[in-house]
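Novice: Once you've looked at the hints, dock chain W with the ligand against the given chain E.
First to last, the sequence lines map onto chains E and W.
1 is the number of the first residue of the first sequence in my numbering; add one for each residue after it.
1 is the number of the first residue of the second sequence in my numbering; add one for each residue after it.
Simulated from the structure, these hints should not be mistaken for lab results.
Cβ atoms here follow ideal geometry from the backbone N, Cα and C, with glycine treated the same way.
Just some of the chain W residues that point at chain E, by a computed CB distance under 10 Å:
#: 1; residue: G41
#: 2; residue: S238
#: 3; residue: S309
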Amino acid sequence: MANTNILGPARSRVDGPLKVTGRAKYAVEFEIPRCAHAWPVVSTISKGTITAMDTKAAESAPGVLKVLTHQNAPQPTEASGGGGAARSEGIRIEERNPLSDDKVHYAGQFIALVVAQTLEQARYAASLVKVNYAPEAPLLDMAAARKESEKPKKNNDENVQPKKGDVEPALANHILLGVRQTYSTPTETHNPIEMSGIIAAWEGDRKLTVWNATQFVKGVQSILARTYGLDLENVRVICPFVGGAFGCKGALWPHELLAVMAAKAAGVPVKFHLPRREMFTTTGHRTPTVQEISLAATSKGKLQAIKHVSHTAGAFVGDWVESCGARSSAVMYASEAIKVEETVYPLNVAIPTFMRAPGECPGVYALECALDELSYVLSMDPVEVRLANHADDHPLKGVPFSAKHLKEAYQVGAEKFGWSKRNPRPDTMRDGDLKVGWGMATATYPAHKMSAAAKATLFADGRAVVQCATHDLGTGAYTAFTQISSEQLGVPYEKVTFELGKSDFPFGPVAGGSNSTGTVGTAIHDAAQMLHRALAELAVDDAQSPLHRAKVNDIAMIAPGRLGLKKDPNKSDNFTDILKRAGKNAIAVQSKMEEPEEDKKHAFQSWGAHFCEVKIDPLVPRVQVTRVVTVINCGRVVTAKLARSQIIGGVVMGIGMALHEATEYDPKTGMPVNPNLAEYHVPTNADIPEIDVHFVGEPDFAFNPIGARGIGEIGITGIAAAVANAVYHATGKRIRDLPITPDKLL
Amino acid sequence: MNPFTYSRAADWQGAVHDVAADPSAKFLGGGTNLIDLMKMGVEKPDRLIDINRLPLAQVEEMPGSAGIRIGALVRNSDLAEHPLVTSRYPVLSEALLSGASPQLRNLATTAGNLLQRTRCYYFYDPAFPMCNKRQPGSGCGALEGYNRIHAILGQSEQCIATHPSDMCVAMAALDAVVRVQGPKGERTIPFADFHRLPGDTPGVETNLQPNELITAVDLPAIPFATRSHYLKVRDRASYAFALVSVAAALELEGGNIKSARVALGGVAHKPWRATKTEQALIGKKADPETFRAAAEAELAAAKGYKYNSFKIELARRAIIQALSTVAKMA
Ligand SMILES: Cc1cc2nc3c(=O)[nH]c(=O)nc-3n(C[C@H](O)[C@H](O)[C@H](O)COP(=O)(O)OP(=O)(O)OC[C@H]3O[C@@H](n4cnc5c(N)ncnc54)[C@H](O)[C@@H]3O)c2cc1C
Numbered sequence: 001m002a003n004t005n006i007l008g009p010a011r012s013r014v015d016g017p018l019k020v021t022g023r024a025k026y027a028v029e030f031e032i033p034r035c036a037h038a039w040p041v042v043s044t045i046s047k048g049t050i051t052a053m054d055t056k057a058a059e060s061a062p063g064v065l066k067v068l069t070h071q072n073a074p075q076p077t078e079a080s081g082g083g084g085a086a087r088s089e090g091i092r093i094e095e096r097n098p099l100s101d102d103k104v105h106y107a108g109q110f111i112a113l114v115v116a117q118t119l120e121q122a123r124y125a126a127s128l129v130k131v132n133y134a135p136e137a138p139l140l141d142m143a144a145a146r147k148e149s150e151k152p153k154k155n156n157d158e159n160v161q162p163k164k165g166d167v168e169p170a171l172a173n174h175i176l177l178g179v180r181q182t183y184s185t186p187t188e189t190h191n192p193i194e195m196s197g198i199i200a201a202w203e204g205d206r207k208l209t210v211w212n213a214t215q216f217v218k219g220v221q222s223i224l225a226r227t228y229g230l231d232l233e234n235v236r237v238i239c240p241f242v243g244g245a246f247g248c249k250g251a252l253w254p255h256e257l258l259a260v261m262a263a264k265a266a267g268v269p270v271k272f273h274l275p276r277r278e279m280f281t282t283t284g285h286r287t288p289t290v291q292e293i294s295l296a297a298t299s300k301g302k303l304q305a306i307k308h309v310s311h312t313a314g315a316f317v318g319d320w321v322e323s324c325g326a327r328s329s330a331v332m333y334a335s336e337a338i339k340v341e342e343t344v345y346p347l348n349v350a351i352p353t354f355m356r357a358p359g360e361c362p363g364v365y366a367l368e369c370a371l372d373e374l375s376y377v378l379s380m381d382p383v384e385v386r387l388a389n390h391a392d393d394h395p396l397k398g399v400p401f402s403a404k405h406l407k408e409a410y411q412v413g414a415e416k417f418g419w420s421k422r423n424p425r426p427d428t429m430r431d432g433d434l435k436v437g438w439g440m441a442t443a444t445y446p447a448h449k450m451s452a453a454a455k456a457t458l459f460a461d462g463r464a465v466v467q468c469a470t471h472d473l474g475t476g477a478y479t480a481f482t483q484i485s486s487e488q489l490g491v492p493y494e495k496v497t498f499e500l501g502k503s504d505f506p507f508g509p510v511a512g513g514s515n516s517t518g519t520v521g522t523a524i525h526d527a528a529q530m531l532h533r534a535l536a537e538l539a540v541d542d543a544q545s546p547l548h549r550a551k552v553n554d555i556a557m558i559a560p561g562r563l564g565l566k567k568d569p570n571k572s573d574n575f576t577d578i579l580k581r582a583g584k585n586a587i588a589v590q591s592k593m594e595e596p597e598e599d600k601k602h603a604f605q606s607w608g609a610h611f612c613e614v615k616i617d618p619l620v621p622r623v624q625v626t627r628v629v630t631v632i633n634c635g636r637v638v639t640a641k642l643a644r645s646q647i648i649g650g651v652v653m654g655i656g657m658a659l660h661e662a663t664e665y666d667p668k669t670g671m672p673v674n675p676n677l678a679e680y681h682v683p684t685n686a687d688i689p690e691i692d693v694h695f696v697g698e699p700d701f702a703f704n705p706i707g708a709r710g711i712g713e714i715g716i717t718g719i720a721a722a723v724a725n726a727v728y729h730a731t732g733k734r735i736r737d738l739p740i741t742p743d744k745l746l
Numbered sequence: 001m002n003p004f005t006y007s008r009a010a011d012w013q014g015a016v017h018d019v020a021a022d023p024s025a026k027f028l029g030g031g032t033n034l035i036d037l038m039k040m041g042v043e044k045p046d047r048l049i050d051i052n053r054l055p056l057a058q059v060e061e062m063p064g065s066a067g068i069r070i071g072a073l074v075r076n077s078d079l080a081e082h083p084l085v086t087s088r089y090p091v092l093s094e095a096l097l098s099g100a101s102p103q104l105r106n107l108a109t110t111a112g113n114l115l116q117r118t119r120c121y122y123f124y125d126p127a128f129p130m131c132n133k134r135q136p137g138s139g140c141g142a143l144e145g146y147n148r149i150h151a152i153l154g155q156s157e158q159c160i161a162t163h164p165s166d167m168c169v170a171m172a173a174l175d176a177v178v179r180v181q182g183p184k185g186e187r188t189i190p191f192a193d194f195h196r197l198p199g200d201t202p203g204v205e206t207n208l209q210p211n212e213l214i215t216a217v218d219l220p221a222i223p224f225a226t227r228s229h230y231l232k233v234r235d236r237a238s239y240a241f242a243l244v245s246v247a248a249a250l251e252l253e254g255g256n257i258k259s260a261r262v263a264l265g266g267v268a269h270k271p272w273r274a275t276k277t278e279q280a281l282i283g284k285k286a287d288p289e290t291f292r293a294a295a296e297a298e299l300a301a302a303k304g305y306k307y308n309s310f311k312i313e314l315a316r317r318a319i320i321q322a323l324s325t326v327a328k329m330a
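The shape of chain W in the complex, shown without the other chains:
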């Protein structure tokens, strides 16, 4: 672990000021990902700015709408159990509860979860010589390596890593908006634009600037999100990252689908909003045939590698399963 200094921010202005002044400084949330990566020698900040004392740990109704605002420091465990979440966005609660372990969720923050980095083996352990994320131009170790947990959608020859979050998959489906504060003031980033595909710059994972602080995530009102579900397929019953996951919400009108929200996890460099699936659902009957066609619409573009081609079929089945579950909800 590299030597570093530590300070505690008293307010968001101070936090932003400190991080802007030192390009290698990093905010410290729950630390469950950052500290791990520092120990591995992947992240090497000179300075940690602890933001845990900032007043950003509230979940509130947004004035004038039925949406909610989630403070950046709300712990994953608190968010999962919050009545505004369990009553309006069950898919988010389920996604959170399927992630990590209770101990980790007690520490993990909303913003930290958004910014957690890939679990690609070749990224996580610098003993592997190739990783374009860690070392631009060094190549992708996973491409011809052990790539069972890797991407099937939106990847590039430069990087086939996936984003590991469950929470973010639900947020992608729910059209969340990320609020940030920077030296130039506040701005918002729609969820779909927050994480990036790897392209030629896999090291740049989000459109957040290094000197910006996430303050909250807003969820708009989606009345039909009460009929929503998160399905996580993994290698064991608990405490494993998703092989494939699906966040789904449906609005039905007399057996037909009026609106749909579907996002996938474990398949891409970002939480994958399945827009082609959604389009293929609208106006159709909520039956297995429709779900199958909708799943295939999204996965037509999927590409697998030596060890992960199964994810294409697994994703197809998981989409059908998740949509069927939602359709059956009262």
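Pulled out of the complex, with its shape left as it was, chain E reads as follows:
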């Protein structure tokens, strides 16, 4: 049944009580008998060869069961990841298998793993491993890697060098007004509160179970099966809860293979919970970016050209492209001409990966700052500039965006914020001694669709269980899917149990790209349709049913828990009555995995607007964000409370990006200098004001039957620009290099 309300009910988390009482079990919290513990040894150079490794002292240390190095590690059957497998069969970003040879490609690379009876024993023994290297000169920054740089054509089938028309004539036209600036963002690291971790347990040589913190149980299952030549059903992946991920648990990383190898070599289950320090080098990060934006516009503010040239870092152990411009400048505004260029510079630094809104997040930051700069060149209000270039149609595809309500988002945001009271001149607004700045920016994120299947079981007592191998990263997926199941099946919310996080369940895709709610929601919708059909088939054969002898195709759910004739709803029957009369205790169906249909008549993208206020002491200038209003247009919002939390989380992370976050590296060794939560700054409560979130628009049923486009990532896009733009408005200083720390405002 289509639900046309934009806002679903404000559910609290179904798993909330489990979490606050400590009963929610995270991957490494499972108690597996005889489980040993692992501690890594990592490289302290960025490039070179291991010439000698002395593991004798470690091997004879108390409790040590095994010391794995490249010299003795059992090598998997698949030499390296990547090569040809579809994304639905798992994701490898770092394609090199750990301990596969004596080469070092980045600092922090695993070069040995110590397995011992206790964690302390493993850690101590790891400190006894001695390593000699023949170091080589590493490439540590993009400027040094110019010769090795490449312009990739594609990134996962997406054109990363798109263009429309020719930007150069407009950019050279002196009658037009323009902006040409370079914006840079540093390396940022995901830092979920739960570090990645895995317990690997073999049963003989052919059966493997892993309890693993992952965003993709089916992908991990598939890769491990391939890597070890096992039958798919003999690899079980279990992950009922994830303590945050933001992308760093989407791919399969070396530590997961190491634990599996170690369990094999040591002959006992092995737990490998990454130390926080290693989370900075072995599970990816957001690549640093340098982005040159050139804009040309008429005096009325109509964009004639957008050129977005990005330089980002890659690595030598796999491919990573952060498509900054392709996901911002190529889709956001109705410019006459658009050109996007991406260049990747491979470095001897750990490989980057997707981090919340990869590409969109840095790309939107740069473009939205440049548009703010343009608004001052034009003497136009920043909202007006954006309205003047509003894209009804996708700028490259030429088809209309479906259920786009961005204008409404600007309007509602401006109103709630009080934007009309803004003095347009920078460095004019004050609160006592403090400088006050107001800034805004657009948020955007594409609507991604993947394939999933769901199994739904309805019991004669009225309960339903729905299962899919999807994930709850702390986002509230359990609750959202319980809600969707309740609506789609027509079973009261309290009677639905939704189960996820097990590879035994029907396929769920990687929890990435904000796709889960829509994709799994669609699978639940399909399963519900099948269930209703199965019930209808029982009813039409049942002489006691008011639906006896009706055509199955004429029957639909007419109210929660009731099937009836579409044309004559007075003829109806209860789910549970149908089951009971048929003498069935339960009925189960499983939806089919179908390639998502592509609607070529529309473009699907979510939108939003951030408005923010900052206050800055003129003498000792630390930026304090004091107010944020964010309005989001993302189709239907399944559960209002959790959706709001997702947007708040995105905004908080975006404030961190604007003001605090940066992984810094030692220029000589290439090791991160701040790989811990004391020195890698994310916002504290004291840094975060009240964040006022609103949703506008309508369910996007052209996109999927749930009408929901996903909300995990859009919140972080644009907010860093809104903060940077507010800082300019407060001070008259344009800081184009994130994060905006006090030193940059002196």
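Specialist: Then chain W with the ligand, alone, in the frame of chain E:
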């Protein structure tokens, strides 16, 4: 983490005896710094002597003066809220509350805070090959490394690390005195002589002997310290070490400065008493011009590196800001 043994001291004599008997033994206070460094493999004591049961957790008025005595085991959180501190030395309370997090302050002890070690990246992680503190003669990794959080005053080519404490900056301004017990009995160390500049021996950070136990910190009576303030400039609003901090107290007489106490944090290998600033303030009018000149007097000798030169300007502004705030206090 290296294997170690653990014992609990019943009295200070026992504690001193135990630590004197084993050169690699260490006292355990709140453990918030020591245990962390042990996990990192920087500190490797064979033995931990837990002193948490010693009766050293009192804050008392000192007999015969308006000063106070702070027991070595008084927790940072308790000290920050103690009425004798909030009423007489607000700068110390503010400094404590600006440090770390409530959880850490609940554990951190006064003596442990004095002896906490630098947050220099090159010291804290032994994976970095160069650190003259950890390994004399290995060089200073920060000198040409990522040195944003490093020193601008009093450093040497051997070491440009800073002392990270907030509490100590206030204590330096307040002329504190450290009381210690050793095998030879009790002695006192004036605060200015407690921490050392790095010179050629950056590994020797204080003038405390390895076999000495800190028992208390005394604060003398400074009536005008009621007009005092701690300003901490950091990268986020809370839970970050100081980029630069200033502890300041002023005694004013008809708009002129009669006495001044100023100390800086985040700028040097020790809590930095800004004596040149103080001298430049005495007898002058309490106005921005005076404050600017006083700040510059101290910072004339400052030297920055690739990533931390901003600290010189930031310190100048922070001194002016802190003094202006104090001057405006009723
Ligand atoms: C994440 C984080 C953030 C922090 N942020 C800040 C901050 O912003 N500002 C700040 O000032 N501090 C900060 N700190 C540091 C904190 O203040 C110190 O860790 C704490 O004060 C140390 O006290 P402790 O009692 O735990 O010391 P311990 O770790 O127990 O001991 C430290 C040292 O003192 C020695 N010792 C302890 N007691 C005695 C004694 N009585 N006599 C002789 N030797 C003794 C120990 O042997 C050891 O060498 C932070 C710490 C962490 C972990």
